[in-house]
Amino acid sequence: MNVVQDLVGIVPWTFIAQIANLFIQVYLIKRFLFKPVNKIIEERRALADAKIQDADRAKEEAEAMKAEYEQNMLEAKAKASEILQTAQKTAAVQSEEILKEAAAQAAALKSKAESDIAQEKRKAVNEIKDEIGGIAVEIAGKVIEREISEEDHAKLIDEFISNVGEAS
Amino acid sequence: MELDVSGAKVFFTIPTDIPVLGDIQISETMLVSWLVMALITGLCIWLTHDLKVEKISKRQAVAEYLVEMANKFVIGNAGEKFRKLIPFVAALFVTSVVSNLISLIGLRSPTADLSTEAAWAVVVFIMITAQKIKTGGLGGYLKGFTTPIAVMTPFNILSELATPVSMACRHFGNILSGVVINGLIYGALALASSALLGLIPGAVGDLLSQIPILDVGIPAVLSVYFDWFSGFMQAFIFCMLTVMYIANAAEE
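Quick note, the sequences are listed as chains A and B, same order.
Mapping of the first sequence onto the working numbering: residues 1 to 168, in sequence order.
Mapping of the second sequence onto the working numbering: residues 1 to 252, in sequence order.
Each hint can be trusted.
Cross-link-like lysine to aspartate or glutamate pairs, in silico, EDC-like; alpha carbons within 20 Å at most:
#1 B:Lys-81 with A:Glu-42
#2 A:Lys-35 with B:Glu-54
#3 A:Lys-123 with A:Asp-158
#4 A:Lys-142 with A:Asp-130
#5 A:Lys-110 with A:Glu-120
#6 A:Lys-30 with B:Asp-50
#7 A:Lys-35 with B:Asp-50
#8 A:Lys-129 with A:Glu-159
#9 A:Lys-129 with A:Glu-150
#10 B:Lys-58 with A:Glu-42
#11 B:Lys-55 with A:Glu-42
#12 B:Lys-58 with A:Glu-43
#13 B:Lys-84 with B:Glu-251
#14 A:Lys-66 with A:Asp-54
#15 B:Lys-84 with A:Glu-42
#16 A:Lys-89 with A:Glu-101
#17 A:Lys-142 with A:Asp-158
#18 A:Lys-30 with B:Glu-80
#19 A:Lys-39 with B:Glu-64
#20 A:Lys-66 with A:Asp-56
#21 B:Lys-55 with A:Glu-43
#22 B:Lys-52 with A:Glu-42
#23 A:Lys-142 with A:Glu-159
#24 B:Lys-52 with A:Asp-49
#25 A:Lys-30 with B:Glu-68
#26 A:Lys-155 with A:Glu-131
#27 A:Lys-39 with B:Glu-80
#28 A:Lys-35 with B:Glu-64
#29 B:Lys-55 with A:Asp-49
#30 B:Lys-143 with B:Glu-251
#31 A:Lys-155 with A:Glu-127
#32 A:Lys-30 with B:Glu-64
#33 B:Lys-9 with B:Asp-23
#34 B:Lys-52 with A:Glu-43
#35 A:Lys-51 with A:Glu-61
#36 A:Lys-39 with B:Glu-68
#37 B:Lys-134 with B:Glu-80
#38 A:Lys-112 with A:Glu-101
#39 A:Lys-39 with B:Asp-50
If you are wondering where the hints come from, they were derived from the structure by calculation, not from laboratory data.
Use the sequences and the hints to build the structure in full.
What follows is the structure, given as structure tokens:
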């Protein structure tokens, strides 16, 4: 049982067996270490790539949304300014109309007032005329102490009044 | 006391009538090689079971680190086109390291048998040659022997053959020297402890001198160099040379 091989030497069968062992070991290590680990690393890389792509897509979407929002904002601003301008124009037109109307009304009021004044004046003049007429007749009667004819009476009054009118 | 440093033990022999190759001898080398292979494969399976893409375990981190290291080693030294070489180099390295270190548990290293290194070196030599022929064609390969002048041809052939021989012998020599020196140290320390404890008079001294007390601990210090350092170093050198030779062979 104490058979030993040479300390330094090549034993053919061991040599062959070791070549075979080496290739079997290569296969085993490939099958049980490299294949699963590389697979998992590949999967992780794919996952990371997918995540990056997702992020890119989300960014693009966000940018599109931002652009749309800005567009909308611009449109809204334009619309607002348009509305404002229209309102200003309408307001100007309306104020002008109101002013015109007011002016017209004022003018109408003024002319009415003037005609009223004129009428009142005439009325006052007539009243004064009558009163003064009466007074004049009375005074005249007292002064003259005589009856004068109706015709002379009227003539006198008229004369008097016209004198008064000139004096006033 | 006799010290015997011998080759691998032969457990049993299968007689064959094949000439040249002789009888199949199932030696210690072969059995331990199979054990080494089983260990490595078991380790790989243990490392890579239940792999996950996210939230990886420490075990998986180690597996990925080892793969990355092998990738870096081969691609960093030889280039991207030698990606196929990675499992081969990794297998060579890990088999070499585990074979060298298995002597720590008292088994005989398969790498302390020249047959093992010769087998590896021949495989590497064939790969180098195949790569050379692939790169320059058969004509280019043969013509390479006549450079720089035709007279150099025998020397070129010699240097070509020296590659596998030197690779095998370098590895084998280092491991064998470790075995021999470790054997000598164990023997010497056993003698020393027997002499030391033999000084105790009477039956107690006779009994204690049978126990090689100095063999505990002291050889472990030396084994740091002869087993650990040398074991890793030789495996690394062997793989480095493999990669470098094949990468050189691929250069135009």
